[in-house]
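Q: Input sequences plus hints: build the corresponding full structure.
Just so we're aligned, residue 1 is where the sequence shown starts under the numbering used here, counting upward by one.
FYI, nobody ran anything at the bench for these hints, they're computed from the structure.
Hints are not guaranteed to be accurate.
Stated by the list, open to error - Simulated pairs of lysine to aspartate or glutamate, DMTMM-like, Cα-Cα distance not exceeding 25 Å:
hint, residue 1, residue 2
1, 495, 704
2, 530, 469
3, 510, 134
4, 712, 662
5, 456, 506
6, 444, 512
Source: prediction; values computed, not measured.
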Amino acid sequence: MNTLTHKPQPPLRRDFLWALTLGTLAFFWILGPSVLNPLNVSWLNGGDPLQNYLGWAFYKNSAWTVPLGLNPSYGLELSNSIVYTDSNPLFAMVFKALSPLLPSTFQYVGIWLLCCFILQAFFSLKLLGLVSNDQRVLILGSLFFLFAPPFMWRAQAHFNLVGHFIVLAGLYLVLRPVPRRQSIAWVALFAIATLTHAYFLPMLAALWLGDLTWKFYKKDLPAFASAIELVAVAATVIFCAWQAGYFAVSNGGASATGYGVYRFNLLSLIDPVNSWDPGPMARWSYVLRDIPEGSGDYEGFNYLGLGTLLLLLFALPGYCNSDVKLTSPIKRYPFFFVMLLALALFAITPRIGFGAFEWTLPLNDKLERLANIFRASGRLFWPVYYVVVLAILYLLLKTTRTRVAVGFLALAAFIQIVDTGNFREGFQARVRSDAALTVTTPLKAPFWEMAAHRYKKVRATLPTNQGRDWSTFSKYAASYGLATDMVYLARMDQKALAEAGQEANERIAKGDYAADTLYVVDSSQLETVKQHLKPQDLLTAVDGFNVLAPGWNACQECLAVQGFEIPVTGARRFSEEAGTTLSFVKGQVTGSYLEHGWSSLEDWGVWSNGQAATLTFPATNQLRGVAFTMNAFLTSVTPVQRIGVSFNGIPVGVFQLSKASDNLLEIELPAAVRDSIAEQGSLTVQFDLKSAIVPRDLGLGSDDRMLAIGLKTIALY
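A: Here it is as structure tokens:
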């Protein structure tokens with residue numbers, strides 16, 4: 001029998017009522033009530049949360065398509081679907097069907113998060129019901145799943161990934177004592193996973209294949225039935241992926257990189273600090289201290305929590321003095337544990353991290369490219385994480401009297417809740433606001449409302465992904481029902497992007513602009529736009545943004561609008577000023593400053609790629625200096641990185657970087673450089689990287705980029 005214990009299962013209704021109670025209480029305790037208000041979108045006003053909301057806002061107002069998940073108004077020719085804004089395809093489709101009944105401003109993220117907490121509680125109760133019938137044990141034990149740091153942490157930005165209940169449900173299907181309608185349950189769970197987030201698919205696939213293989217091996221499931229289940233699951237995943245819009249973007253560019261960077265560190269289970277957020281929310285314990293780790297190890301954040309670790313300490317003495325064997329479940333579910341081992345190894349990657357130490361094993365290039373499909377491999381440890389938590393509870397209950405175990409559970413649960421309080425306080429402080437419930441915008445002039453009624457589209461004259469002003473004009477377009485190519489997408493059709501750039505350049509060269517489109521002009525293109533401007537078109541600056549409005553000067557009603565009395569010659573360049581820190585992490589508009597010799601933006605910064613790298617940003621001659629924070633690619637061949645730096649073509653020095661991370665390079669601007677800034681209105685920084693080297697040439701994996709420096713920030717003073 002496919003069973004962990006022979007204990008009868010608690011009634012489903014009772015489990016659901018307890019899950020509803022516990023999940024709701026935990027949700028309000030951790031996240032607070034404000035996120036549940038569907039009219040409150042102010043807490044989604046930046047970065048990934050804003051991308052999530054805007055994707056839904058455009059999708060809600062667009063016509064139905066086939067596939068259902070296409071979102072053409074958000075991206076235009078650049079192509080997009082609801083998948084690539086991480087807007088939860090499952091909920092997006094449901095609420096789009098209800099959109100005629102919804103207010104114009106509406107968010108379902110809070111509803112989704114509440115559902116996740118309730119379902120997290122429900123499936124944790126079902127799992128715990130496999131090892132105990134004591135209601136006190138079930139209730140207290142479920143708290144270690146509800147207050148699991150990896151589960152809570154995703155609520156601050158990666159909302160779809162809060163759906164850990166999918167993992168728990170998969171574990172329950174494998175371990176439940178009497179499988180009923182197992183194939184139907186797996187098919188339904190795969191459909192939910194596909195319509196939630198792609199990263200749940202490999203986790204679920206591993207659990208399901210372990211279950212299916214074991215049933216086939218034991219002859220509990222005939223070969224024909226196994227084949228039917230295999231086909232049904234595959235067909236469901238493909239169909240749901242098609243409808244959600246997974247296949248909407250082609251020519252997505254070079255294969256992703258990062259496998260081995262965003263890994264599971266071997267000390268992650270006991271490391272209470274997540275380096276992704278440098279603020280107080282990074283600390284998950286008042287007691288335990290940070291363990292140094294790799295730059296991308298935050299994706300493998302799997303801290304058990306102080307309460308869970310104490311439970312392990314409580315259980316160890318009894319285990320050492322008992323005849324309970326951990327090998328028994330492994331013998332009972334061999335294929336399941338093989339799959340867990342496979343997930344763990346994939347999460348660890350060949351770049352094995354032990355705190356700040358690292359060992360690298362060789363990996364075939366083709367395998368590495370394949371692995372990069374799920375480059376944030378640390379996430380794939382979640383099924384193992386929950387099995388570890390369940391195993392700790394199992395050991396305690398099997399080696400300790402029930403009354404004593406309940407006391408230990410109550411004490412440890414209290415400690416778990418209190419010791420993770422930093423996140424609760426930080427999250428609620430972040431979302432708490434006395435301001436209006438809508439997202440903010442710097443577009444205040446009457447011009448914008450008039451333009452919204454005159455035009456149907458908003459375009460950038462320099463199309464890019466995550467451009468400087470994407471959030472401002474995506475919000476503007478969404479609020480007036482316009483389409484736009486000023487977007488932030490998880491993946492963009494690179495061929496379409498190149499064609500859009502070429503078309504924009506041709507329009508500028510001819511001065512020929514679409515009559516139904518408002519253009520946001522990049523500062524670097526102002527002079528060219530002015531040279532080819534036609535009399536009927538308006539080029540001006542409104543609220544600090546350069547805009548080109550086709551046909552505006554021929555519209556008497558338009559000319560009567562106040563708020564943009566700046567003539568063509570007054571159209572101005574935005575400038576970065578002293579006191580500003582430019583961050584080059586993924587999702588920041590500073591990516592548009594990078595010119596030649598750079599890789600893609602990552603969650604920590606950006607690597608150079610080549611023996612020279614250049615960036616340019618608008619500046620004033622009031623600047624006195626710049627301070628670079630950067631990593632260095634150091635090896636036995638290149639123990640230091642020697643870099644030459646020039647500003648606007650003027651050499652300012654050669655410097656050595658001797659640390660692998662967080663080198664600080666401060667350079668004062670000579671008078672000649674300040675004069676050139678005054679003349680050009682910008683600062684071009686060129687790095688001469690003679691020590692750049694290709695990791696693959698040294699046998700360090702298959703990375704064929706020529707690495708030297710990893711730029712994190714530039715502080716201006």
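Q: If you draw a straight line from the CA of residue 510 to the CA of residue 134, is it 25 Å or shorter?
A: Outside the cut-off at roughly 78 Å; violated.
Q: With the threshold set at 25 Å, check whether the alpha-carbon distance from residue 530 to residue 469 stays at or below it.
A: 21 Å, holds
Q: Does residue 456 pair with residue 506 here, judged by a C-alpha cut-off of 25 Å?
A: The hint holds at about 21 Å.
Q: Would the pair residue 712 and residue 662 pass a check requiring their Cα atoms to be no farther apart than 25 Å?
A: 8 Å, holds
Q: Given the proposed pairing of residue 444 with residue 512, does the C-alpha separation stay at or below 25 Å?
A: Roughly 28 Å separates the two Cα atoms, so the pair is violated.
Q: Starting from residue 495, check that the Cα of residue 704 is at most 25 Å away, please.
A: Answer holds: residue 495 to residue 704 is near 22 Å, not above 25 Å.
Consistency note: the structure conflicts with the earlier hints numbered 3, 6.
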